[in-house]
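Novice: Take a look at the letters that make up each chain.
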Amino acid sequence: MIRVTRDDFSVDEELMRIKKPSVGGLVVFVGTVRDESEAGHVERMEIEAYPEMAERQLTLIRGEALAKFGVDNVLVVHRYGDLKVGDNIVLVAVSAGHREAAFDACRYVIDELKRRVPIWKREHTPTRACWVEAGKPDKD
Amino acid sequence: MRLRVRYFASIREFTGLKEEQLDVPEGSTAEALKREAQKLHASLKGQEDNILVAVNGSFVELKRVLKAGDEIALFPPVSGG
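As they're listed, the protein sequences go chains A and B. Quick note on numbering that gives the first Met the number 0: the first sequence kicks off at 0 and runs consecutively. Quick note on numbering that gives the first Met the number 0: the second sequence kicks off at 0 and runs consecutively.
To be clear, the hints were calculated from the coordinates, so they are not data collected in a lab. A couple of the hints might just be wrong.
What the hints assert, rightly or not - Here are some, though not all, of the chain A residues that point toward chain B, as calculated from beta-carbon distances under 10 Å:
(1) Val26
(2) Met52
(3) Glu54
(4) Lys83
(5) Gly85
(6) Asn87
(7) Phe102
(8) Tyr107
(9) Lys113
(10) Arg114
(11) Thr124
(12) Pro125
(13) Arg127
(14) Glu132
Claimed, not checked - Restricting the straight-line Cα-Cα distance to at most 30 Å, the calculated cross-link-like pairs of lysine-lysine (DSS-like) are:
(15) A/Lys113 <-> A/Lys19
(16) B/Lys62 <-> A/Lys113
(17) A/Lys83 <-> A/Lys113
(18) B/Lys17 <-> A/Lys83
(19) B/Lys17 <-> A/Lys113
(20) A/Lys113 <-> B/Lys33
(21) A/Lys19 <-> A/Lys83
(22) A/Lys19 <-> B/Lys44
Unchecked claim - The following residues of chain A were derived to be distant from chain B, with all beta-carbon distances above 10 Å:
(23) Glu12
(24) Asp34
(25) Glu37
(26) Ile46
(27) Glu47
(28) Tyr49
(29) Glu51
(30) Ala53
(31) Ile88
(32) His97
(33) Glu99
(34) Pro117
None of the values given here were measured: they were computed from a predicted structure. Even glycine gets a Cβ: it sits at the ideal position worked out from N, Cα and C.
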């Protein structure tokens, strides 16, 4: 249910892994590479990860979300490597009996991911490349 | 003791290394190891607040005492998602 990988993902295929009859709703967050940031026009993005630690941190966050919100399942895929504008970066999918818990858990997981999972983005504009600062330009 | 130290993102660029082995005295803390890395790599000067320390895949406080065989990682605040 946790993957840190160079490979792209299919949202539909991933959702099939957490769908089951007792689930009344699925909330999905997909982060993608945007063509604009405070650095200017973004042409591509490099993502670096410390994969072993990132998977470990995500496993902890997933456990917290399951316990805190009582949701049925939580799935996270985060990519690293060279990405183009529009490419998928991250998927957080939560299944639950009811929507409130699913929305809350999804929000919790993406917020905690941004706070404590060792992954770094680097944006390439036509003239330079710069590391995205923590908690800065990329607000969503 | 000799420890494997990995560097990521801007800290990897500052040191020019993905990883190296550092010698620190037995009983050294995470803070002492961070200082040792800064001493070895002049390019890390001024980066004090930009370097986080992880031990064996977990964030640790700087007073954490390191043991032989620990894997250390130094990296800047994260920006994934």
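Novice: Could you run down the list of hints and mark each one as holding or not?
Specialist: To see whether the hints hold, each was checked on the structure:
A distance limit of 10 Å between C-beta atoms decides the matter here; for A/Val26 the minimum to chain B is near 16 Å, and the interface restraint is violated. Interface restraint check: A/Met52 against chain B, minimum CB-CB distance 4 Å, threshold 10 Å, status holds. Hint on A/Glu54 holds. Least Cβ distance to chain B is approximately 9 Å, under the 10 Å limit. A hinted interface residue such as A/Lys83 counts as satisfied when its beta carbon comes closer than 10 Å to some beta carbon of chain B; here the least separation is about 18 Å, so the hint is violated.
A least Cβ separation of about 17 Å between A/Gly85 and chain B goes past the 10 Å threshold, and the interface hint is therefore violated. Given hint, A/Asn87 at the interface with chain B, is violated; its Cβ is 12 Å from that chain's nearest Cβ, farther than 10 Å. With a cut of 10 Å, the hint placing A/Phe102 at the interface with chain B is violated, because the nearest CB-to-CB distance is about 17 Å. With 10 Å as the threshold, the beta carbon of A/Tyr107 stays out of range of chain B, its nearest partner Cβ sitting at about 13 Å, so the hint is violated.
The criterion of a C-beta within 10 Å of any C-beta in chain B is met by A/Lys113, whose closest approach is roughly 4 Å, and the hint holds. Satisfaction of the interface hint for A/Arg114 is found here, the shortest Cβ-Cβ separation to chain B being roughly 7 Å, below the 10 Å cut-off. Using the Cβ-Cβ criterion of 10 Å, the hint placing A/Thr124 at the interface with chain B is not satisfied: the shortest such distance is roughly 16 Å. Annotation: A/Pro125 was flagged as interfacial toward chain B, and the flag is violated, the nearest CB pair being 21 Å apart, outside 10 Å.
Restraint check, A/Arg127 versus chain B: the minimum CB separation of about 14 Å is more than 10 Å; hint violated. Interface restraint check: A/Glu132 against chain B, minimum CB-CB distance 7 Å, threshold 10 Å, status holds. Between A/Lys113 and A/Lys19 the alpha-carbon distance is near 29 Å, which keeps this suggested pair within the 30 Å criterion. Our distance criterion of 30 Å between C-alpha atoms is met by B/Lys62 and A/Lys113, whose separation comes to about 25 Å.
Distance restraint check for A/Lys83 and A/Lys113: the Cα-Cα separation of roughly 20 Å lies within the 30 Å cut-off, and the hinted pair is therefore satisfied. With a C-alpha separation of about 25 Å, the suggested pairing of B/Lys17 with A/Lys83 holds against the 30 Å cut-off. Between B/Lys17 and A/Lys113 the CA atoms are separated by roughly 23 Å; this keeps the pair inside 30 Å, and the hint holds. Only pairs whose Cα atoms come within 30 Å are accepted, and A/Lys113 paired with B/Lys33 is accepted, the gap being roughly 24 Å.
Distance hint between A/Lys19 and A/Lys83 is unfulfilled; the C-alpha atoms sit about 34 Å from each other, more than 30 Å. With a C-alpha separation of about 54 Å, the suggested pairing of A/Lys19 with B/Lys44 is violated against the 30 Å cut-off. Distance to chain B confirms A/Glu12 as a non-interface residue, since its nearest Cβ pair spans about 21 Å, more than 10 Å. At roughly 18 Å, the least C-beta separation between A/Asp34 and chain B is larger than 10 Å, which holds for a residue marked as non-interface.
Against the 10 Å criterion, A/Glu37 stays outside the reach of chain B, whose nearest CB is about 13 Å from its own CB. Interface exclusion of A/Ile46 from chain B breaks down, the closest Cβ pair being 7 Å apart, not more than 10 Å. A beta-carbon of chain B comes within 10 Å of the beta-carbon of A/Glu47; the shortest separation is about 5 Å. Separation of A/Tyr49 from chain B is inadequate, the least Cβ-Cβ distance of about 5 Å not exceeding the 10 Å criterion.
Residue placement check: A/Glu51 does not keep its beta carbon more than 10 Å from all beta carbons of chain B (closest about 6 Å). With 10 Å as the threshold on Cβ separation, the claim that A/Ala53 sits away from chain B is violated: the shortest Cβ distance comes to roughly 8 Å. Consistency note on A/Ile88: stated as away from chain B, yet its beta-carbon is not over 10 Å from all of that chain's, at 7 Å minimum. In this structure A/His97 is separated from chain B by more than 10 Å, as the shortest Cβ-Cβ distance comes to about 25 Å.
Remark: the non-interface label on A/Glu99 is consistent with the geometry, its nearest Cβ contact in chain B lying 23 Å away (cut-off 10 Å). Non-interface status of A/Pro117 relative to chain B is broken: a Cβ of that chain comes within 10 Å, the nearest being about 5 Å off.
The structure is inconsistent with the numbered hints 1, 4, 5, 6, 7, 8, 11, 12, 13, 21, 22, 26, 27, 28, 29, 30, 31, 34, although it conforms to all the rest.
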